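> Just so you know, the protein sequences line up as chains A and B, in that order. Just so you know, my numbering puts 125 at position 125 of the first sequence, and the rest follows in order with no gaps. Just so you know, my numbering puts 3 at position 3 of the second sequence, and the rest follows in order with no gaps.
Misleading hints may appear alongside valid ones.
[To be verified] Below, in silico cross-link-like pairs of lysine-lysine (DSS-like), each with a Cα-Cα straight-line distance of 27 angstroms or less: (1) K28(B) with K147(A); (2) K82(A) with K28(B); (3) K356(A) with K28(B); (4) K252(A) with K214(A).
These are computed hints drawn from the structure, not numbers from a lab. Keep in mind the model is a prediction, meaning the values are calculated, not measured.
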Amino acid sequence: MIERPYDVDLTIIGGGPAGIAAALTASEQGVKCLLVERSGALGGQILSVHPRADERNHDPAIERTYRLCTRLSKMGIRAITKATIWNVEPTHILHIALGPSNISVKTRALLITTGARERPMPFLGWCLPGVITCGAAQRLIGQEAIKRNRPVLVAGRGPLLLGAAVQLVDSGVNVVGLVEATPPLHLAIGGLRLAFTERGRVGKAATWLWRLVKERVPLLFGHAVIEAGGNRELAWVVTAPLDRQSRPIIKKRRKWLVDTLCISNGLEPNIELYQILGCELVYDSRAQAYFPRINDTLQTSIPWVYAAGEVTGIGGVEKALIEGELVGLHASIALGVTQKLKLVDRIKMLSLQRDKSLRQAHAVDSAFIRPAALVNIASPETIACRCEEVTLGELRSEALISNGSPRDIKMRTRIGMGMCQGRICSSTLYHELMLTNGHPVSGAELLRVRPPLEPISLEQLTHEIQSITGNNDNKGA
Amino acid sequence: MTGHKIEQDISEFQPDQERSSGKWVDIKVNGKTIRALHGQPLAAALIAAGFRTMRHTQHSHSPRGMFCGMGVCYECLVRIRGQGILRSCMTEVVPGLEVEIEEVRNL
Chain A
1 MIERPYDVDL TIIGGGPAGI AAALTASEQG VKCLLVERSG ALGGQILSVH PRADERNHDP
61 AIERTYRLCT RLSKMGIRAI TKATIWNVEP THILHIALGP SNISVKTRAL LITTGARERP
121 MPFLGWCLPG VITCGAAQRL IGQEAIKRNR PVLVAGRGPL LLGAAVQLVD SGVNVVGLVE
181 ATPPLHLAIG GLRLAFTERG RVGKAATWLW RLVKERVPLL FGHAVIEAGG NRELAWVVTA
241 PLDRQSRPII KKRRKWLVDT LCISNGLEPN IELYQILGCE LVYDSRAQAY FPRINDTLQT
301 SIPWVYAAGE VTGIGGVEKA LIEGELVGLH ASIALGVTQK LKLVDRIKML SLQRDKSLRQ
361 AHAVDSAFIR PAALVNIASP ETIACRCEEV TLGELRSEAL ISNGSPRDIK MRTRIGMGMC
421 QGRICSSTLY HELMLTNGHP VSGAELLRVR PPLEPISLEQ LTHEIQSITG NNDNKGA
Chain B
1 MTGHKIEQDI SEFQPDQERS SGKWVDIKVN GKTIRALHGQ PLAAALIAAG FRTMRHTQHS
61 HSPRGMFCGM GVCYECLVRI RGQGILRSCM TEVVPGLEVE IEEVRNL
């Protein structure tokens with residue numbers, strides 16, 4: 001049997017900052033690339049939540065991402081959008097649904113840079129229509145979906161919360177309060193520490209805080225949402241201050257009459273593609289999430305598969321740009337396109353930059369309480385698995401009598417069996433098991449991920465186009 | 001095996017991607033005509049028109065609507081005539097779109 005030839009040298013899954021930087025860097029070296037993006041646009045989440053030019057100008061990393069997108073299209077690098085990867089095989093073959101068809105691509109090397117999603121923050125009533133993530137709110141701003149005069153509450157924890165609230169206020173949304181779970185003292189100490197090393201970031205945070213103060217938006221630090229309610233849709237939210245053990249002080253609770261609640265609990269990586277391939281995954285206790293294990297050339301445990309961006313660690317745009325460039329260089333060496341000697345200095349410089357951006361991200365993280373902290377205060381009636389409506393109470397009791405593995409809990413409760421296939425509930429599940437078992441669930445025991453990764457139609461499955469050429473000079477073809 | 005040319009290339013990167021052309025078009029929701037921006041996410045158009053509840057859950061028939069806005073949570077599922085059940089946050093508004101919401105009961 002004749003083996004199928006390779007169509008492309010390097011396929012990059014994910015058109016965000018890391019993917020774009022990798023595509024540009026590798027193409028410059030002469031690597032034949034293909035960039036695959038699921039949405040209709042390049043730039044990733046960062047450009048989708050900051051679509052306006054005036055927002056981009058305030059952040060050099062975002063501005064750079066935008067410029068790289070423009071450069072990519074001008075260079076004629078093969079990129080396909082609205083393209084859904086639904087399977088990847090160990091034989092180097094990718095399956096992509098595109099329009100009415102399904103294409104398969106055989107690639108020598110693969111960069112999976114699928115970014116991050118918002119980490120769930122379960123509380124009683126969080127499934128009501130009207131409760132949305134801050135990212136969703138930011139994406140909808142330009143779409144008139146958030147009415148200007150309706151009151152909106154912003155709540156959660158973490159570095160993204162403040163920026164989201166400010167963006168909403170700048171767009172004319174009536175933000176009636178910002179509720180951050182990290183206690184003011186913790187934040188102040190973290191902020192002071194950062195002031196010595198990250199003056200720029202602290203300055204930006206201070207500017208944002210001042211903006212909210214000027215707009216008279218109430219700022220509540222060390223408070224959290226304990227319940228959301230309404231008749232079929234969101235109509236009110238109850239928040240309460242947290243004591244030193246992060247437990248809500250019920251008698252000091254406050255009720256807000258809002259029909260939109262924007263929540264942010266930080267980010268967790270989209271690792272499903274790594275799971276399908278069988279890449280080794282490791283638990284990171286800082287992010288309280290699982291990431292593919294990588295070496296210093298950003299290869300996963302499967303040598304032809306690379307990782308860059310939020311999937312190597314939640315670290316923001318700058319880190320993603322650096323890692324994308326690094327993968328572009330490392331891949332071109334591994335593919336035999338460029339000699340290692342020529343790139344050693346550049347790689348060294350980028351590696352130092354990468355180390356620095358990681359330190360910065362960790363420093364910012366440490367100013368806030370742990371990502372999973374708020375799961376601990378959610379009441380047992382809180383829904384843990386939204387799709388299958390499994391409560392935290394059910395999850396906790398099953399965890400006590402199960403063999404301690406996520407797959408066992410899945411069989412017992414149906415958690416993870418719904419449409420989202422565990423994307424929203426898995427971190428809650430792993431956290432509860434860690435509390436019950438006394439140690440993190442091992443990367444080898446996570447919920448299994450099976451194709452199709454995303455819904456595909458029978459029409460697409462039966463209309464297969466074999467291969468796609470990855471030429472760089474495809475203009476006018 | 002020769003390669004097929006896939007025509008869907010990016011030749012121009014659109015700046016200021018609000019992802020809508022700014023043109024108002026008519027779409028139908030449960031038979032009722034509403035205006036929406038061509039190219040905007042369907043979920044945004046539905047919410048702007050007051051349709052925050054998009055479906056009901058299988059077990060308890062609880063109302064659900066858009067949550068994550070990026071195609072990860074599958075809460076915003078609606079039925080679109082001719083296309084089946086899709087995530088409305090991942091679907092673009094085009095003229096003549098016919099949406100049936102609250103019809104997705106068993107997911």
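> Now, for every hint given, state plainly whether the structure supports it.
Structure-based check of all given hints:
A hinted pair counts as satisfied when its Cα atoms are at most 27 angstroms apart, and K28(B) with K147(A) qualifies at roughly 21 angstroms. Note on K82(A) and K28(B): the hinted pairing holds, with a Cα-Cα distance of about 24 angstroms set against a maximum of 27 angstroms. For the proposed pair K356(A) and K28(B), the alpha carbon gap of about 52 angstroms is over 27 angstroms, so the pair is violated. For the hint linking K252(A) to K214(A), the alpha-carbon distance of about 26 angstroms falls within 27 angstroms, and the restraint holds.
When each numbered hint is compared with the structure, a violation occurs for hint 3 only.
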